[in-house]
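J.: Each chain, written out:
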Amino acid sequence: MTAKRRLPTASEAAEADDPDRAWVNGRRRFTADIAADTSDLLHVAFVLSTEPHARLLDIDKDAALALPGVVAVLTGADIGLRLFGRSLRDYPVLAVDRVLFAGQRVAAVAAEDPETAHRAARMVDVSYAPLPPLYDLDDVFGEHDVELHPRSKEYEGATDDHPFGNLQGADVLVDGDVDAAFAECDHVREDTFSFDRVHSAPLEPHACVVDARGQRVSVWSSSKVPNRLRADLARLADRAIADIEVRPTNIGGDFGSKAAPYLEVVCLLLSEHTQRPVAARMTYAEMLGTTAVRHPGRLRLRTGLRQGHIHAHEAEAILDGGAFAGIKPRATRVVSILGHAYANYEVGVRDERAMAVYSNNPPGGHVRSPGEFQSVFAGESQVDLVARTCGEDPITFRLRRTTVPEVRAILEELRAGVEPWRGGAGSDVGVGVATFGCQAGDGQSVVAARATSSGVVVRVGVPDQGSGMYATFRLLAAEALGIPLEAVRVEAIGADETLTDAGAGSSRVTAVVGNACIDACSKLLDELGPPDPDGGGGYWPAARLERLGLTEVSVEGLGRHRRGEDAAVKPTYGGLALRVTVDRMTGRFTILQALLVVAPGRIANPVGFRGQLEGGFVYGLSQTVLERLVVEQGQVVTASLGDYKLACIGDVPPLEIRHVQVGADTGELRAVGELANIGVAPALANAIDDAVGVRIRALPITSEAVWQALRSTGEEG
Amino acid sequence: MTLLWRRPTTIDEALGELATDDAAIYAGGVSLVLLMNLGLFEPAKLVSLAAVPGLAAVTADDDAVGLGAMCTHARLAADPILRRAHPAAADMFSGIGNVRVRSWGTLGGNLAHADPAQDPPVMLAALRGTVSIVGPHGDRVIPVEELAEGPLSPALEPDEIVTSVRLPVAEERSGSCYLKYLPGTRDDYATVSIGANLQFDREGVVTQARLVAGAVGPTVVVLGAASEVLTGHPLDPDVLDALRVAVRDEVNPSSDRRGSADYKREMAGIVAGRAASASRPVQARP
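As you go down the protein sequences, you meet chains A and B in turn.
Start counting the first sequence at 1; every next residue gets the next number (the numbering used here).
Start counting the second sequence at 718; every next residue gets the next number (the numbering used here).
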């Protein structure tokens, strides 16, 4: 007997087909799904270095090759030194004569199934001759003659400016004589803040499928930068770029991690070699242990007041960049850490310096707000300390010194919001605030739009990393054209020479690609003429095309942004207030309430906007109180999501979000992706100080750290 | 490499399946499959106990409550018999791991995993629970705290099966409490946990005390000396201070990402005091 199948209702069918809903109804397909549907596929597992610093003596692959099901084993000796990197190419696809961190890829095994590949990878016998390691900043700046990159001057992108051997790069932001300014100050305070290593921790581990049989190469990858991946593959695998097709793929979270070709080059070479399609997918241990981390390090801030004005500010950041600098895009080889502390306040003279150094730790890279997270923690923590020195309330102190109208409005809103929190507060309850900002990164995107009698298709190069950005593009296009949402389809094209795209990152997508969509729609209107006012809200271009005797109209739209005075995308500002209670016996703190206030500009997609703010808050909370990628003697010891804990929903306090509008709404799109996460750490540190009078200057902020601080205060007292 | 799956329908059949080398019992699979996925454990045969009758029952007689080894945590959290007899134990089961763990994980599997950071062995040992074990060489009954010899080392032969746990019924004027100290995320094992089971006289003086600590040693720690500190006294601040010091000396934690050894030692004392205070039955509270 067969049950009679019920036909889906119209709304069910629409929902099933709705591409935006696919993220939440389980229909979204990721790279691993592509692999599962590929026949004749080989699976790749990597052999990872067990040594943090060693010479590679020999790799014996006989035992692995003898295992039934193993098809090929590839080593650095087989493929030679192939270096990838953004501004500096220092990162080998496979190690050749040396390894610089435990976890570095030294060989790859292709087998008939993933289990066999991993088993065989464990059978590849690598002989190492250990070299003296540099594990932390004290090692790096201690007495030794270890040079981790002796041939660094030969790397592509290397500059002559190399004061010492283990320096990845330096950054400077100076606008006056800070010593003279300090000499004029009546109050000076200095604080050093430190921060541990955290991972971007997307839930989809990095994965790819590469089919290099024949002349064309097809690539599916979790990379968020398909155009760059295509160029990297052409260069690193010696193929003509025109032969490489990077196919559109959905990404299950990125947060900065998915921009380097960790897997794809080797898979391409193995596919060429075996003439079969090849797939790789990292385990969580591999992802946490081998892909880029947020730079740990320390940041010393010295700030002077003169007659109540912030007259002098000095910053010195020293960051552990790990074994390779290549993952970082900036020419300085330092993440963006300067200029964010005290950014929202009037400062007389600034003198800020940062450096990143090589060590035998996992390479540093970009994790959501790569340097802002650390520097806003330090800066907004010290603002509170300076306010206390002056005997001023922290919100009032900020209000008096900000030059940014949005920040003033945010602080007023925060002040009103926390007022009811103060009444009836217990003795160990405190309130902390922080202000912050976010600016879209540089980039340019071109999108193509085509209007036909049945609807408008917008083709974009940027992959959706899970933010729901395509829903935003749809909304923008529907609104710009005055047509129903259902008439717009957004299509991913993967990498393509016709459509420039800088990829998903730097909080750039909504503002840059969104503006490209708006630009394309305005060009469509140029061709079609304005919407029909009596069109009745339907898809009016159908009738218009018929009237014009056209079957379709195709245009391209451009969005671009460069930071600076004439930036196309203005900064977004935010403020966060937290109310906490602290248990003095245990140091355990509980966030009772959170209030996030933002000055957002135009909100293109209310659901996506709120998702970015709520998600950003939780992401920041998690990295403030929980996350810590523990590396001991160069070995990652928290290499699972059971040990590397992320916040769960039960850890999230009640969060209220308010908007403030300053001046007229000009309808401009701004960035919010990396806004909310950076305020949590300083607001929490400030709230804990307000509650129990101890100052935490290191991240993550744990209950034990608070207990330790309370205990040492008690001992001193 | 092949993995055999067996689903016996009687205890004897199950014991027969376990008689071969490299066989492992599959109860709920929560910890077992995790270890297998990590490559730390590679059995040749899994013997599911799901079809063996009588292993998933909760029973009660005049002296004790019996909890079948194949009961899931979720089942025990909701069980009316257990909730009436030992509400603190039912609460403990409702706070294990997360909803997925509670729905799949079983009491027997949890105890046989012998992880000192798990919740059930701590509370069940505090309640003076005993474990019934069957094996080819006979049946035996041991206290819950003796089921673990060390981390992940149960005092079980490979061909023995845990069938149930018996909890003596609560004495009059007694109370119990399980406190799990989670300073970081709620989705974690305890930094320190305490199971407390106290009996009081009519004046609120402790007549019998049993405190057990989790996550502060290679096995759960029965806090003998600390329990002695409470006996014969009301739970006043001086006694709780003495308890804190005694607990600190009795536990032996190691440092890990959930806290330093120092911190865990201090927290064990504080949490023990709080668990003892929360154990006071309503009629014994001043």
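Hints in this document: simulated from the structure, not taken from any laboratory.
Remember, predicted model here, so these are calculated numbers, not experimental data.
Careful, some of the hints might be misleading.
Unchecked claim - DEER-style ranges, computed between Cβ atoms:
| # | chain 1 | residue 1 | chain 2 | residue 2 | range |
| --- | --- | --- | --- | --- | --- |
| 1 | B | R845 | A | R584 | 50 to 56 Å |
| 2 | A | H659 | B | G867 | 53 to 59 Å |
| 3 | A | R422 | B | A767 | 54 to 60 Å |
| 4 | A | E486 | B | S811 | 55 to 61 Å |
| 5 | B | G756 | A | E147 | 34 to 40 Å |
| 6 | A | G80 | B | W722 | 57 to 63 Å |
| 7 | A | D243 | B | W722 | 43 to 49 Å |
| 8 | B | D966 | A | E392 | 46 to 52 Å |
| 9 | B | G867 | A | V24 | 55 to 61 Å |
Virtual Cβ for every residue (Gly too), placed ideally from N, Cα, C.
J.: Determine which of the earlier numbered hints do not hold for this structure and return their numbers in increasing order.
T.: 1, 4, 6, 9
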